[in-house]
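In case you want the letters, here they are:
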Amino acid sequence: MITSPHVYLPVSVRAVMAKVLVALVPGIAAYVWFFGGGILVTLALATLAALAAEALMLKLRGKPLAMFLTDGSAAVTAWLVALAFPPLSPWWLIVAATLFAIVVAKHLYGGLGQNPFNPAMAAFAVMIVAFPGLMSQWPAAAQPLPFAEQLRIMFAGARHLDAMVMATPLDALRTAFASGEGRATVATALAAYPGGGLMAGKGWEWIALGYAVGGLWLLQQRIFTWHVPTAFLGTLALISGAFHVAAPERFATPLFHLFGGAAMLGAFFIATDPVSGAITPRGKLIFAAGAALITYFIRVFGAYPDGVAFGILLMNMCVPLIDMKTQPPVFGRKDGNP
Amino acid sequence: MIATLFRFKGGVKPETHKDCSTRQPIARAPLPSRLIVPLHQSAGGTPRPLVEPGQAVLKGERIGAADGNFSAAVHAPTSGVVKALAPHVMPHPSGLSALCVVIEPDGADRWIEREPVNYRSLAPDELRDELRDAGVVGLGGAVFPTHLKLKPSQGGRTETLILNGAECEPWITCDDMLMRERAEVIVRGGAVMRHILQSERVLIGIEDNKPQAIEAMRTTVARLGETMEVVAVPTRYPAGGAKQLIKVLTGIEVPYGKRSQDYGVQCFNVATAYSVWHALERGEPLISRIVTLTGNVERPRNFEVLIGTPLEELLPLVGPLPDTDRYIMGGPMMGFPLPSASVPIVKATNCIIAASPALFPPPPPEMPCIRCGACATVCPHELQPMELYWFARGKNFGKAQEYSIFDCIECGCCAYVCPSHIPLVDYFRFAKSEIWSREKEKAAADAARSRFEFRNERQEREKREKAERLAQKTAGARAADAKRALIAAAIERARAQKEQVQPRNTDNLTPEQQAEIAEAEARRARIRAMAQTPPEKPL
Amino acid sequence: MLAALFVMTGIALVLGVALGYASRVFKVEGDPLVDKIDAILPQTQCGQCGYPGCKPYAQAIAKGEADINRCPPGGEEGIRKLADLLGKEFKPLDAEAGVEKPKSVAVIDENTCIGCTLCIQACPVDAIVGSSKQMHTVVAELCTGCELCVAPCPVDCIHMEPVTETIENWKWKYPVAEIKERHAA
Ligand code: SF4
Ligand code: SF4
Ligand code: SF4
Chain A
-7 MITSPHVYLP
3 VSVRAVMAKV
13 LVALVPGIAA
23 YVWFFGGGIL
33 VTLALATLAA
43 LAAEALMLKL
53 RGKPLAMFLT
63 DGSAAVTAWL
73 VALAFPPLSP
83 WWLIVAATLF
93 AIVVAKHLYG
103 GLGQNPFNPA
113 MAAFAVMIVA
123 FPGLMSQWPA
133 AAQPLPFAEQ
143 LRIMFAGARH
153 LDAMVMATPL
163 DALRTAFASG
173 EGRATVATAL
183 AAYPGGGLMA
193 GKGWEWIALG
203 YAVGGLWLLQ
213 QRIFTWHVPT
223 AFLGTLALIS
233 GAFHVAAPER
243 FATPLFHLFG
253 GAAMLGAFFI
263 ATDPVSGAIT
273 PRGKLIFAAG
283 AALITYFIRV
293 FGAYPDGVAF
303 GILLMNMCVP
313 LIDMKTQPPV
323 FGRKDGNP
Chain R
154 MIATLFRFKG
164 GVKPETHKDC
174 STRQPIARAP
184 LPSRLIVPLH
194 QSAGGTPRPL
204 VEPGQAVLKG
214 ERIGAADGNF
224 SAAVHAPTSG
234 VVKALAPHVM
244 PHPSGLSALC
254 VVIEPDGADR
264 WIEREPVNYR
274 SLAPDELRDE
284 LRDAGVVGLG
294 GAVFPTHLKL
304 KPSQGGRTET
314 LILNGAECEP
324 WITCDDMLMR
334 ERAEVIVRGG
344 AVMRHILQSE
354 RVLIGIEDNK
364 PQAIEAMRTT
374 VARLGETMEV
384 VAVPTRYPAG
394 GAKQLIKVLT
404 GIEVPYGKRS
414 QDYGVQCFNV
424 ATAYSVWHAL
434 ERGEPLISRI
444 VTLTGNVERP
454 RNFEVLIGTP
464 LEELLPLVGP
474 LPDTDRYIMG
484 GPMMGFPLPS
494 ASVPIVKATN
504 CIIAASPALF
514 PPPPPEMPCI
524 RCGACATVCP
534 HELQPMELYW
544 FARGKNFGKA
554 QEYSIFDCIE
564 CGCCAYVCPS
574 HIPLVDYFRF
584 AKSEIWSREK
594 EKAAADAARS
604 RFEFRNERQE
614 REKREKAERL
624 AQKTAGARAA
634 DAKRALIAAA
644 IERARAQKEQ
654 VQPRNTDNLT
664 PEQQAEIAEA
674 EARRARIRAM
684 AQTPPEKPL
Chain Z
19 MLAALFVMTG
29 IALVLGVALG
39 YASRVFKVEG
49 DPLVDKIDAI
59 LPQTQCGQCG
69 YPGCKPYAQA
79 IAKGEADINR
89 CPPGGEEGIR
99 KLADLLGKEF
109 KPLDAEAGVE
119 KPKSVAVIDE
129 NTCIGCTLCI
139 QACPVDAIVG
149 SSKQMHTVVA
159 ELCTGCELCV
169 APCPVDCIHM
179 EPVTETIENW
189 KWKYPVAEIK
199 ERHAA
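Protein chains in written order, with the working numbering: chain A, -7 to 330; chain R, 154 to 692; chain Z, 19 to 203.
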């Protein structure tokens, strides 16, 4: 029997995912501008790997292929992997990460809608633990290598990168302080860093801006609510601001943190992942604020180049608890109403 | 005018499709060839039939008497002959049948003696009985007996009376047209209700997409000199839900399981007010209602239809288009497909929508929930439908109840926006009816257990008592034995005494002595024998 | 990779300990086992399990004397619940005990009834009313459908009628899931 409601909004999972992909385009455009077209190849590669893995897993799990393959969720995961990984990562690293994301982090947990961890971030975390070296090699921005050279690096494994590889600004700061020369300050460390831009490293800040633009569009499209990006960026700004005010020479500015690394990507595209994130309004605030805090501390005091992935993954683990504890009151049962 | 309107959370704005059926005035549907009047047309108990096959009935004659107070009577919609008292398929999602009175109209449409009452002269209790016996129920769709709602909570008064003309469901226009054309009766009916409830304020809430109805109601209220406020409420489904309208107009949230009169407010559909007036002032029971016939038809329109009219006899009036594949009773958000076109129009039937695959395409296949939260955003009862879905789907009913599944009004907003096209409401209905039936089963099992235990105890007790009686009897027997023994002992004693009279020293006697004794014995024996044989003749 | 493994194992250990602790601290003080078992049994009191009523059967299960698959009215669902409760393997209904049937209630043909009261004595839940030499009736709401009254009737006037679905007791069905999922419900 066909039951009520008999009418539906013309919405679908596919449309939601498609919008997310579209919203990534400004960021990708900036990426190409500053780092060259290699990222497009990486994106394509990741997408193909993701679709293949998805098809395989759907087949193994006896699910309708056509419906799920075209839902776009695999592509979103693939794109996030490609964008979160260092540019010019070797092809096998991207493929392995995507496979891990789809096969392990998504399907072994039950497929679309069931994964407790953001697949792209799970893959990022595993790879950064497994290949710390590869995961912190970043090419110099603003002087994109020729396309052919980029392909060589990605596919032929030409790892004579010394000329171009450098740390990200975040990394540069961390290593400067970690190297134990007590004299390092934010200013000197960033001055020593050739890619320093206006706020957080040349190129990166524009890419981050691109993500922010796309994210705001998604917000306007009501793909997600304001809670997560606001809480994430707000908390990050607050905590970094507090530290910065306390010791400006030791801690970078909030702007540096907001536009550096994967903060914008995380705030608008990863922490907002509905499947692995909290779902109640208050829960979203707690979730995003927690992720931002962890991100900041890993960035500043941890050993990894960025903390967004770990921040989000750790908070992913708390989601069931957060959701349970933040159930909003029901109609007619607010404050003391029995 | 009330200054501020309140806002309920959530809600959606589906396309309304109301214009098509409001272009023409309400028409009276012709007398059908037979009327199938279900006995059970209100929430509560099933009325018991008062007629028998072959009996002639008059229009407005009671054919089913309310079963207790939580029920409402049903009446013959026209004069004619009762043809049968038989089960007929019902306009119900189950497609099951229920007992109906089938009447063949005689065409005379002769009224029974109508007895209007002056509502001002009767006590509220009497008015309520009148309404119950006139079969007046909520015409918004829930068919809750109206007399039960016209009871102020603790004997006092219900401060605010709300007449619900919001009609938020798409396609439905029966209340709209009723307000446009028969505003006066509605307002008068509202005045009757106000009198019964002793209400201070009367608010008439109408969605602002019905300017003509608002206008008609406002002028009528002014003309009749009533102090009622006609309030235009923002058009947003489900603004016409009783709880939502109460919230919008008064700011009060009536939670699930609570009666709104306990919060000093009561809400009735405008069509109910209309029937209340007819029942009291005209003495005419509820035997017809306005029904919107719309959807995939040539001439959508509202009709005044006799209760019991088979749907199939109405359809030619509007001309369903050839690709019509089913009929929906109610609106597209909460209505259900009818099991057959032969079902009768009942008091709950506000609208019949002819549906076609083009007009109402079946939902795309269900995908897994991606926890996007859209459903929670639109839920007017501020529930978390995705969690409820998760529990209902996993048949984790305890959790579903913990997450307030019974607060869900099945408005369908959540399923309307779900990008995964999950039939959320179906899951909730399933879970609810499963929980109900389990609770019933559990109550039955508990009752059976205690009755079984009680019976065992009783049997135990009976056994015990029997045993005791038995014991007593044996004890009694023993007592008798003892008595007998006593008697025996006494006899024995007596004998012994007698024997004692005999000389003991009978041994070692000389022969003379023995002879003497023998003689004495003989003598005694003679005497004894003499004493025993009655003296027949003197010696 | 090794570090990752360690981290994962560490987390698993911590969580395991936490869960174990939680299960101890938040342990629900429950009814004694017999009552829990009895709560699952359908209380039909039919004796098909071989015990004079559900409670005795519950006691037998609790003592480990009886198997969990001997109650036909409880059916598969009942056995499953018992298996869950007792941490045992599910097994199909013991055919010796009987077969699962749709719920019925006893109906007495009132024209034939001679008022012998034998059925009243047989009914385990006092669902039959009537007194000696007067016709008897089954109170349908109280009848558990145990069939114990059928055999004793000397004039065979009691039969079982399956409970029919009506609009009042009709239930919404489980929505048909469109996606093939091997869902472990
Ligand atoms: S709208 Fe649908 S997909 Fe989104 S959270 Fe609700 S149930 Fe899940
Ligand atoms: S159907 Fe129930 S859960 Fe869904 S929006 Fe309406 S009230 Fe909320
Ligand atoms: S078989 Fe009958 S008596 Fe035994 S447990 Fe089941 S219902 Fe109770």
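Read the hints as simulated data drawn from the structure, not as lab findings. Model, not experiment: these values are computed from the prediction. Accuracy of the hints is not assured; some may be wrong.
Residues on chain A that point at chain R, a partial pick, calculated with CB under 10 Å [as the list claims (entries may be wrong)]:
1) V3
2) T39
3) F123
4) R242
5) F323
6) K326
Glycine included, each C-beta is placed from N, C-alpha and C at the ideal position.
Going through the hints against the structure:
| no. | hint | result |
| --- | --- | --- |
| 1 | V3 | 4 Å, holds |
| 2 | T39 | 19 Å, violated |
| 3 | F123 | 31 Å, violated |
| 4 | R242 | 40 Å, violated |
| 5 | F323 | 4 Å, holds |
| 6 | K326 | 7 Å, holds |
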